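Engineer: Listed below are the residues making up each chain.
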Amino acid sequence: MTISRQLQYALIKNVAAPLLVKTDAWKSARSFRAKKDKPNPPFGPRLESYIKLKELMLEHYFTGRYADGAVPVAWITSGSPVELLRPFGFHIVYPENHAALCAVRRRAKDLCVHAENEGFCRDLCSYARTDFGSVMSGQTPVGRVPKPDLLVTCTNICQTALAWYKVLARKFNVPLYVFDTPFIYGEGEEHDVDYIVAQFHELIEMCEKVTGRKLDQKQLTYHTQLGCECSKAWGKVLDLCRNRPAPMTTFDAFIYIGPIVAMRGLPECLSFYKFLHDELQDRVSRGIGAIQNERYRLLWDNLPIWFAIRDLSTAFAQGGFNFVCSTYTNAWAETAHHFDPNDVYRSSAKLYSRIILNRDLRNKADLILKLCRDFQCDGAVLHSDRSCKPYSVGQYNLADILNREHGIKTMILEADHGDPRSYSPEQGELRVKAFMETFQ
Amino acid sequence: MDRKAYIAEQKEKRGRKTVLVFPIHYPREVLTALNVLGVEIWGPPGFPRAPASTHLQPFICGIAHNILAFIMAGKADVVDGILCPHTCDSLQMLASLLPDFKLTDKPCFRFRHPKGKSPDSKSARGFYKAELKGLLDKLEPFFGRPSEAELQKAIGLHLEADELKLKLLDQRAYFTTNDRAFYEVLRAGEYLWVEDHIAMMKKLLESKSPEPVEKRKPIMVSGIVPEPMDILDAINNAGAFAAADDFAAISRRIAMKRPNPDSDPLDALTDMFFARRGCTTLGTELEERANLLLKLAKSRDCRGLLIYNVKFCEPEAFYVPDTQDIFKKAGIPSLYMETELEAEFSGQASTRLEAFIEMLEQPS
Amino acid sequence: MTIASIGLDAGSTTVKAVAINPEGQIAARVIENTKPDISSQAERLIEGLRSETGSGPDTTVSATGYGRKMVRNAGKVITEITAHGRGAFFLAGKALTLVDVGGQDSKVIRIAASGNVEDFAMNDKCAAGTGRFLEVILHRLEIGYDQVEPMLDRASGSVSISNTCTVFAESEIISLLARGVPVEEIVYAVHAAFAERVGSLVMRLGRPSAIHMSGGGARNAGLVKLLGKHLCVPATVLPEAQFVGALGAALTAASTRAGI
Ligand code: SF4
Ligand code: SF4
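Protein chains in written order, with numbering that gives the first Met the number 0: chain A, 0 to 439; chain B, 0 to 363; chain C, 0 to 259.
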């Protein structure tokens, strides 16, 4: 880490990025104000939070361009214990988040093809292929992604991310820590917790080695607690959708999820969700819905189809269907209650291992039913994601249970979260229309 | 004797209960110590897949589909339980799907092992040992609890079997059998009682020639499982033979080091788990694994590497490009093939294989 | 006429056979759609070449292609890869990357300066990267191969199809037609998707400096041009493009007899 890189980074972070964001914010604020009072059918009025979000993410990715060489950089999976890395001053890169961004900006397909040309099989998770394609070609819609000094993968989302990071470790030739959270059948075992706690300490040791800093226990408690508060704040935002009409659609939430994934444990993340919450609360009190005519309420299961969010949300909203909750957005809020500041390690172990993707189908069925009850859903759409096996297996049976035992109309939508070649928009829209007709 | 008759005989004559076991890594010794016959299921082709496909998406691998098809066809009705190691995302979910949505009424014992950990990781060793204990607890109500001596004896038997497997694999070129027959013996341990398997391997070992007799081109084979076994015939018909093995079903499960003879059985089993060569499904370090394979391939004079993967198997597929790259740099060409585990080996597949062997045969 | 050998390429769509003279030049050729009974068809074609060239029954025959094992009285039997590698090297006389677009499969073969096959790639089972895919779509649009090139030149390339799966692509095309998109744009989109698919196959062997094409797909001049453009390399069609495999087989037969 050279002094000049550090200086440059500090300058960018403290001066240039805020400046850039300010100019950009000014521009978007102007265009927002212009559009604000214009009707936006079939949706409700636009949210100001969207501009805040753009600022936040822009600053994050922009500072990231100059991070390597100045501060330590870690690439980690979405489920990794990021709070542990915060005290060491890492700039954190989330390849999944970046891949999702590539998909939204319609860059994912080319990156996937690049990876496939290098021999990576098309059946691999499209996040991984997008990431490999970006790493190998150097292409990204965010200008530049800083190179890692440390990789952390956590098995709480899948075993796929384990192999994915093994490949990254060879490409970058940097240390990889595998944070292994054994899959939970039933309620989980005490020895799982022991194993995970031991790994917290191993990971801390590795961070100390990579950064040459000692852990500041106070900082750790601070960030862990803050991370937990962020999750709770996100949960409160989601909970507002229990209102009728819901002030936000799940498709919006897919976009607003950015900070809780990429900036958990940072104060700006928390203040963003407070802002969002207030804005939505205001909508609720004035009876304004996210879509103009909310007739039916739906649950979404699995990852978003990033490249088709807009088309799908419009198609549903036109029919008066609003998605009010999803297992995916819920995943970043569901385990926050486990946290106990008096027993940071053991409670965090539970927090990290008890997320939906690390638990069995009994749990998933119960969770979906609970969400459907709490959010008063009339139906559900289960996105069968070709890329994500752990999230998708069991959906056929779940659909059956929801349809037959609970009278919740459910459809399966075959697609992929990132690779547009595995989704046929024509057939998808046809199925969606047919599904909506069953509600008449 | 076919598998079904064998299982029935084991039940009748030896009073052995049966447990169906999913791939890949699990402590077979524990079953042996309990006098329980473990019958592994690697998704044999041939059962109607339609019933399974109402529960599993088409992008889940053929092994998972075939396992479910097998169970739904009632073929597992005779077993007393199902052991599900935590192999990959797909089997992880199948192990939940089966009992949680009542696709079987057999007890399902789930066994997890550490992922991506090196043999000297204390936390991982501790977890593995705790899982072993947990497995014993889960099995107890159905099959009782083995004594320490019973465990030690079972460990001894399986170590002997492992050593025989290694010996056979080492000396493949000294046998006149074709690959299919050779692998049938190696793989018989997937359902035979360990002592029967030992006897079978010893018999094959007796037929060893004093000199290497195999004249075909030596290649290395890697993948999850050589299924359908026609792949082995295809290799032989194209003029090559499997001189070095890295199938998960075979070599990757062999303990390469004996445990300390004084350690208690669970420690010994833990040692044996961590003494395996490494496997994509265990998250073994990529370069280390590829170099190990390369060394083996060279020691057997292999001209090429065949990676025979199960379609949709992610853990395996992630390792492929880098492994091929490392082999290529060492001057060993490789071929990547996928199988959907249908009953038949397709003409297109055999063309690719033959073309690959023809390529290896060209004068350099 | 002195005939050195006969080569027969029993493909899935067409059967090709050539008789070559001692210099390797093709002296006679024949091509036919593949019949269900490949054995007797092969026998008839070989007999035909023999009488056409006046060569005796002892002329050696080699077979290749997906029906190669059905050809009785073939001496050496080799795969399409080796056969195309040999044939293409003979025709080009230098190291090259061959792209063969056949009915049921497309293959890319990298041939070294020694004439050895260095590496190859074939499309997977699905029809997306094969000649059949284009055929189905062109048939549906009622367009012949010779009409393609001018259409591609006219098209703006503003439309793309995301799916190269034949089934998906068909439904995508239907909806494009329904939206009133001009046919040449659709033809362009389909060829672009195809070029991308085959291009991936090429890229799997590493970027070449040029490609040579053979097989039925090489008759589609528009496709050849587009593939070259997609890969940013010059694309040339080999002479005797449809007979490269048969020629390779014949050359193999000749060298087997000569004991080379
Ligand atoms: S999308 Fe699914 S398979 Fe891919 S990294 Fe995320 S959890 Fe794993
Ligand atoms: S083949 Fe691969 S994906 Fe299928 S069960 Fe085995 S390890 Fe899992």
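It is worth saying that the hints were derived from the structure and are not from the lab.
Please note: incorrect hints may appear among the correct ones.
EDC-like, lysine to aspartate or glutamate: derived pairs with alpha carbons at most 20 Å apart [claimed, not checked]: (1) B:216 <-> C:118; (2) B:137 <-> A:188; (3) B:216 <-> B:321; (4) B:310 <-> A:122; (5) B:297 <-> B:321; (6) A:12 <-> A:267; (7) A:217 <-> A:228; (8) B:137 <-> A:228; (9) B:327 <-> A:117; (10) B:152 <-> B:210; (11) B:128 <-> A:399; (12) C:224 <-> C:195; (13) B:101 <-> A:399.
Since the model is a prediction, treat every value here as computed from it, not as a measurement.
Engineer: Each hint should be assessed against the structure and marked as holding or not.
Structural biologist: Each hint, compared with the structure:
1. B:216 <-> C:118: Cα-Cα ~18 Å, so holds.
2. B:137 <-> A:188: holds (13 Å)
3. B:216 <-> B:321: Given that 20 Å is the threshold and the Cα spacing comes to 24 Å, the pair is violated.
4. B:310 <-> A:122: holds (8 Å)
5. B:297 <-> B:321: holds (18 Å)
6. A:12 <-> A:267: holds (14 Å)
7. A:217 <-> A:228: holds (16 Å)
8. B:137 <-> A:228: It is violated: about 38 Å lies between the C-alpha atoms, which goes past 20 Å.
9. B:327 <-> A:117: holds (14 Å)
10. B:152 <-> B:210: Since the Cα atoms of residue 152 of chain B and residue 210 of chain B sit roughly 35 Å apart, the hinted pair is violated (cutoff 20 Å).
11. B:128 <-> A:399: violated (39 Å)
12. C:224 <-> C:195: holds (13 Å)
13. B:101 <-> A:399: holds (13 Å)
Checked against the numbered hints above, the structure violates hints 3, 8, 10 and 11; every other hint is satisfied.
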